[in-house]
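**Student:** Below, each chain spelled out in residue letters.
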Amino acid sequence: MNKQVGIIFLILIFSLVFSSCTDEADSKKENTQFQRQELLNNMANNLIIPSYNEVILTSIELNQSIASFSNSPNQASLEQARKAWKKAAFAWQFASNFNIGPAAEMGIQKTLSEEIAIFPISKDKIENFILAQDTSFNNFDRDSRGLFGIEYLLFDENVSDAQVIKKFTNSLWRKNYAQASSHQFLNRVSTVRIEWNAYLPIFIAQNGTDIGSSTSYLYNEFLKSFEGLKNFKFGIPLGRRPGQSSTLPQTVEACYSGYSTELAKQHWKSIQYIWDGKDVNGMAGIGFKEYLESVEGGSDLILLTQQQMVNVQVTFDALPDGSLSDAIEQQFAKPDAVHTELQKLTRFFKSDLSSLIGVAVTYSSGDGD
Amino acid sequence: MRKWIKHTTTKYIDVAPLVTFRILFGITTFISTLRFLLLGWVDLHFVDTKVQFKYFGFEWVKLLPAEWMYAIHILMLMASIGIVFGAFYRISAIVFFFCFTFCELIDITYYLNHYYFVSIIALLMCLVPANVNYALDSWRNPTIRQSKVPAWTINIFKIQLIFVYFFAGIAKINYDWLVEALPLKIWLPANNNLPLVGRVFNYTSTAYIFSWAGMFFDISIGYFLLNNYTRIWGWLLLVFFHLITGLLFQIGVFPLVMIAVTVIFFDNNVHHRLQLLMQLVFKLNGRNEVSVINLPYYEKSLNKMWLLAFFVTWFAFHLLFPLRYLLYPGNLCWTEEGYRFSWRVMLMEKAGTATFYVTDDLIGKEGVVDNKQFLNLHQEKQMAMQPDLILQYAQFLKNHYESLGSQVSKVRAEVYVTLNAKPSKLLMADTLNLLTVSDSWKPKTWIFPLDEK
Numbered sequence: 001m002n003k004q005v006g007i008i009f010l011i012l013i014f015s016l017v018f019s020s021c022t023d024e025a026d027s028k029k030e031n032t033q034f035q036r037q038e039l040l041n042n043m044a045n046n047l048i049i050p051s052y053n054e055v056i057l058t059s060i061e062l063n064q065s066i067a068s069f070s071n072s073p074n075q076a077s078l079e080q081a082r083k084a085w086k087k088a089a090f091a092w093q094f095a096s097n098f099n100i101g102p103a104a105e106m107g108i109q110k111t112l113s114e115e116i117a118i119f120p121i122s123k124d125k126i127e128n129f130i131l132a133q134d135t136s137f138n139n140f141d142r143d144s145r146g147l148f149g150i151e152y153l154l155f156d157e158n159v160s161d162a163q164v165i166k167k168f169t170n171s172l173w174r175k176n177y178a179q180a181s182s183h184q185f186l187n188r189v190s191t192v193r194i195e196w197n198a199y200l201p202i203f204i205a206q207n208g209t210d211i212g213s214s215t216s217y218l219y220n221e222f223l224k225s226f227e228g229l230k231n232f233k234f235g236i237p238l239g240r241r242p243g244q245s246s247t248l249p250q251t252v253e254a255c256y257s258g259y260s261t262e263l264a265k266q267h268w269k270s271i272q273y274i275w276d277g278k279d280v281n282g283m284a285g286i287g288f289k290e291y292l293e294s295v296e297g298g299s300d301l302i303l304l305t306q307q308q309m310v311n312v313q314v315t316f317d318a319l320p321d322g323s324l325s326d327a328i329e330q331q332f333a334k335p336d337a338v339h340t341e342l343q344k345l346t347r348f349f350k351s352d353l354s355s356l357i358g359v360a361v362t363y364s365s366g367d368g369d
Numbered sequence: 001m002r003k004w005i006k007h008t009t010t011k012y013i014d015v016a017p018l019v020t021f022r023i024l025f026g027i028t029t030f031i032s033t034l035r036f037l038l039l040g041w042v043d044l045h046f047v048d049t050k051v052q053f054k055y056f057g058f059e060w061v062k063l064l065p066a067e068w069m070y071a072i073h074i075l076m077l078m079a080s081i082g083i084v085f086g087a088f089y090r091i092s093a094i095v096f097f098f099c100f101t102f103c104e105l106i107d108i109t110y111y112l113n114h115y116y117f118v119s120i121i122a123l124l125m126c127l128v129p130a131n132v133n134y135a136l137d138s139w140r141n142p143t144i145r146q147s148k149v150p151a152w153t154i155n156i157f158k159i160q161l162i163f164v165y166f167f168a169g170i171a172k173i174n175y176d177w178l179v180e181a182l183p184l185k186i187w188l189p190a191n192n193n194l195p196l197v198g199r200v201f202n203y204t205s206t207a208y209i210f211s212w213a214g215m216f217f218d219i220s221i222g223y224f225l226l227n228n229y230t231r232i233w234g235w236l237l238l239v240f241f242h243l244i245t246g247l248l249f250q251i252g253v254f255p256l257v258m259i260a261v262t263v264i265f266f267d268n269n270v271h272h273r274l275q276l277l278m279q280l281v282f283k284l285n286g287r288n289e290v291s292v293i294n295l296p297y298y299e300k301s302l303n304k305m306w307l308l309a310f311f312v313t314w315f316a317f318h319l320l321f322p323l324r325y326l327l328y329p330g331n332l333c334w335t336e337e338g339y340r341f342s343w344r345v346m347l348m349e350k351a352g353t354a355t356f357y358v359t360d361d362l363i364g365k366e367g368v369v370d371n372k373q374f375l376n377l378h379q380e381k382q383m384a385m386q387p388d389l390i391l392q393y394a395q396f397l398k399n400h401y402e403s404l405g406s407q408v409s410k411v412r413a414e415v416y417v418t419l420n421a422k423p424s425k426l427l428m429a430d431t432l433n434l435l436t437v438s439d440s441w442k443p444k445t446w447i448f449p450l451d452e453k
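Heads up: the protein sequence lines correspond to chains V and L, in order.
The first sequence begins at 1 in our numbering and counts up by one.
The second sequence begins at 1 in our numbering and counts up by one.
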């Protein structure tokens, strides 16, 4: 008796498991099959690589204009250099979302963003290196160079254009430091871009959802970038951390040039592009949104997320272009509203999205069965 | 009945299954500890950590300095080797049990059912004479050599294993798992890139079949393994089952552990053959055959009544503790009251976003916490959906900011949790001052019920 019951039961389970391998042909409902490979392909070829290309193009121009400003410091060449910087800083907002593969942290080298675009920078360190005639960058003071180090040199703090020009005219090492900084910026981005050639097939081939898969890298960086926008570009300058008794307007990104608000808006745009899977020119493609359309509970989440994205957009639109520092000091409620609405968006990007697409967030093992 | 009890407890049976069990368990703990070291998890879990979440009642377990944490892991490796070879066996088993359990108790965010399982088995290993044969101990000291041991020394492991599978099985009998095929409906399509089988995971019917098969498997596998006729097929099914889950999910060494330890169910012939194979491969001397059972050393060392009392309590605990969730109102997966230590493995897809607000009376302002400042990704992920950990973190934040000179009167949190792909919901009132709530075994009435808006 025991024997028969046992064997029948076993056969039942075996057949349950194996039948799943054979019912492909039958007409049971299939989820809209989502190809992560297409998402990765679209992201890499239409967004990530073109973003780096754009940064390289603009920073070549930046290099040239800083060189000519150094050769003959005058109002025209200064304006030229500043214009070039603005372009590069705008292009950078897109590229800053993808600290993966060649741009990821490796050994003592930090992520590309941390290596070449840290903010706030330390003007004291920059002035000290210039005084010491040291342009080697052989140190870990990453806040003494990069995109926002160049910004400081070109825009300076509370001085007239004439004085900026004078400072350059009178200091060979100020010129050298500015040129070395823009070289370094271009070099680092170019290296990453070149390494992407070899990384691209790997990126597309690692199409799982486990840790180490490209989707998980992409997702984790997307989230990090979003939280960086919320916490570092708004939260801290707004004085929103516990124990912060006052605002810290000088800690915004790009506090010397006065483009901080526009750059934040550009950053927000890049977040939306990744969500929608748009290419650099804004043409539709496959992104996280389309991925969600294929999974359980996905359409509800898309609806809720996009509603909140509209709310974020409204607060960004209400924020006048120009200096975010000034906005924080003079019309606190407007940048604060952006922070509040970004906060409300967080859960959709953070836990809901990752949970629904089943992407791994950490290395640690889950609970086994 | 009396006969059956005697048969399964005090009757002397061949020691072979216990020996195999000892060797395989030692090998898996060795691999598991080595893997932990090589992956750099000692640093990740025990060195680069600013906050440790505590087990209720074990708040006194404190992190040791980095070199000590490494020393403990090295000690575990050595103890594992001791277990494999049956060398200084009792000491090895005790050392392993304490080191392993200590490491687990440091931070509850790393709790896994299979770590709990290893702790339990390690404790039981301390009580059995697994070194009386095929061991360096019995080779050095022939007076302890035995070819037979009391049946209970083997059966306790079988019972423990059956408990694990059975409770894992009944945990799967719930609406989401069986009727909605959740969370497998989420997890399987996430693996649709696997070679050959990947495509199959796009079908919702696959999720249903896996859900039901998994439930039947867990509930009945204990019976298959006990039954002589079905054992080999049951075990092969088990191997298949664990390999599949190992392939699909990020669950580390657990499949390997379960495949290894369930070998204990096989009958003596299988174990003798395995041991013969081992002799041939490692060119060992013949089996340490002792034909006469003379004064089993084991019975002298442990009092029978004491043992009986211990095991009655032990198994009563393991039978009842996983069922404690019945005493709590509300949805178990949502409140997590009675969730841990109950063999609920890969049962739900749950994630949360927890944003903490700290009110500083000195500056009269409320600030938002950036969790990344204090927690690693794993800790944050676990904390954000488990009510008791949310309380612990609130307390930590109060202490932290007060040490920086703030005067903290209130910590509140906005915790949105999504369970099995449902839209995320507030776990509790986002105005609640978490400092006024203390954790206990009582129902957590401050948690919002799942089914109400």
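Some hints here could point you the wrong way.
Stated by the list, open to error - Derived Cβ-Cβ restraints for the label pairs, each shown as a range:
{"hint": "1", "chain 1": "L", "residue 1": "Ile173", "chain 2": "V", "residue 2": "Ser294", "range": "24 to 34 Å"}
{"hint": "2", "chain 1": "V", "residue 1": "Ala318", "chain 2": "L", "residue 2": "Leu404", "range": "30 to 40 Å"}
{"hint": "3", "chain 1": "L", "residue 1": "Val197", "chain 2": "V", "residue 2": "Ile202", "range": "34 to 44 Å"}
{"hint": "4", "chain 1": "L", "residue 1": "Met1", "chain 2": "V", "residue 2": "Ser294", "range": "17 to 27 Å"}
{"hint": "5", "chain 1": "L", "residue 1": "Glu402", "chain 2": "V", "residue 2": "Gln331", "range": "30 to 40 Å"}
{"hint": "6", "chain 1": "V", "residue 1": "Leu248", "chain 2": "L", "residue 2": "Asp48", "range": "26 to 36 Å"}
{"hint": "7", "chain 1": "V", "residue 1": "Ser190", "chain 2": "L", "residue 2": "Ser438", "range": "55 to 65 Å"}
{"hint": "8", "chain 1": "L", "residue 1": "Pro449", "chain 2": "V", "residue 2": "Ile202", "range": "39 to 49 Å"}
What the hints assert, rightly or not - Heads up, incomplete: computed chain L residues facing chain V, CB under 10 Å, no partners named:
{"hint": "9", "residue": "Asp48"}
{"hint": "10", "residue": "Leu77"}
{"hint": "11", "residue": "Tyr357"}
{"hint": "12", "residue": "Gly367"}
{"hint": "13", "residue": "Asn420"}
{"hint": "14", "residue": "Lys422"}
{"hint": "15", "residue": "Met428"}
{"hint": "16", "residue": "Thr431"}
{"hint": "17", "residue": "Asn433"}
{"hint": "18", "residue": "Asp439"}
{"hint": "19", "residue": "Lys442"}
Don't read these hints as lab results, they were simulated from the structure.
All values derive from a computational prediction rather than experimental measurement.
For glycine and all other residues, C-beta sits at the position ideal for the given N, C-alpha and C.
**Student:** Hint by hint, note whether the structure agrees.
**Tutor:** Do the hints match the structure? See the list:
1. About 29 Å separates the C-beta atoms of isoleucine 173 (chain L) and serine 294 (chain V), a value consistent with the hinted range of 24 to 34 Å.
2. For the pair alanine 318 (chain V) and leucine 404 (chain L), the supplied restraint of 30 to 40 Å holds, since their beta-carbon distance comes to about 34 Å.
3. Between valine 197 (chain L) and isoleucine 202 (chain V) the beta carbon distance is about 23 Å. The supplied range of 34 to 44 Å is therefore violated.
4. The beta-carbon spacing between methionine 1 (chain L) and serine 294 (chain V), approximately 58 Å, falls outside the hinted interval of 17 to 27 Å.
5. Separated by about 33 Å at the C-beta atoms, glutamate 402 (chain L) and glutamine 331 (chain V) satisfy the suggested range of 30 to 40 Å.
6. At roughly 27 Å, the beta-carbon separation of leucine 248 (chain V) and aspartate 48 (chain L) lies within the given 26 to 36 Å, and the hint holds.
7. Under the hint 55 to 65 Å, the C-beta atoms of serine 190 (chain V) and serine 438 (chain L), about 57 Å apart, fit the expected range.
8. Roughly 47 Å separates the CB atoms of proline 449 (chain L) and isoleucine 202 (chain V), a value that falls within the hinted 39 to 49 Å.
9. Among the interface hints, the one on aspartate 48 (chain L) is violated; its C-beta lies about 13 Å from the nearest C-beta in chain V, farther than the 10 Å criterion.
10. Annotation: interface hint on leucine 77 (chain L) violated; nearest CB of chain V at approximately 19 Å, more than 10 Å.
11. Hint status for tyrosine 357 (chain L): holds, given a least beta-carbon distance of 8 Å to chain V, under 10 Å.
12. Restraint check, glycine 367 (chain L) versus chain V: the minimum CB separation of about 3 Å is within 10 Å; hint holds.
13. A hinted interface residue such as asparagine 420 (chain L) counts as satisfied when its beta carbon comes closer than 10 Å to some beta carbon of chain V; here the least separation is about 8 Å, so the hint holds.
14. Against a cut-off of 10 Å between C-beta atoms, the interface hint on lysine 422 (chain L) holds, since the closest Cβ of chain V lies about 6 Å away.
15. Annotation: methionine 428 (chain L) was flagged as interfacial toward chain V, and the flag is violated, the nearest CB pair being 15 Å apart, outside 10 Å.
16. The criterion of a C-beta within 10 Å of any C-beta in chain V is not met by threonine 431 (chain L), whose closest approach is roughly 16 Å, and the hint is violated.
17. Interface restraint check for asparagine 433 (chain L): the shortest CB-CB distance to chain V comes to about 15 Å, outside 10 Å, so the restraint is violated.
18. Taking 10 Å as the C-beta cut-off, the interface hint given for aspartate 439 (chain L) is violated, the closest approach to chain V being about 22 Å.
19. The closest approach between the C-beta of lysine 442 (chain L) and any C-beta of chain V is roughly 26 Å, which is over the 10 Å cut-off, so the hint fails.
Going down the numbered hints, you'll see the structure goes against 3, 4, 9, 10, 15, 16, 17, 18, 19, while the others check out.
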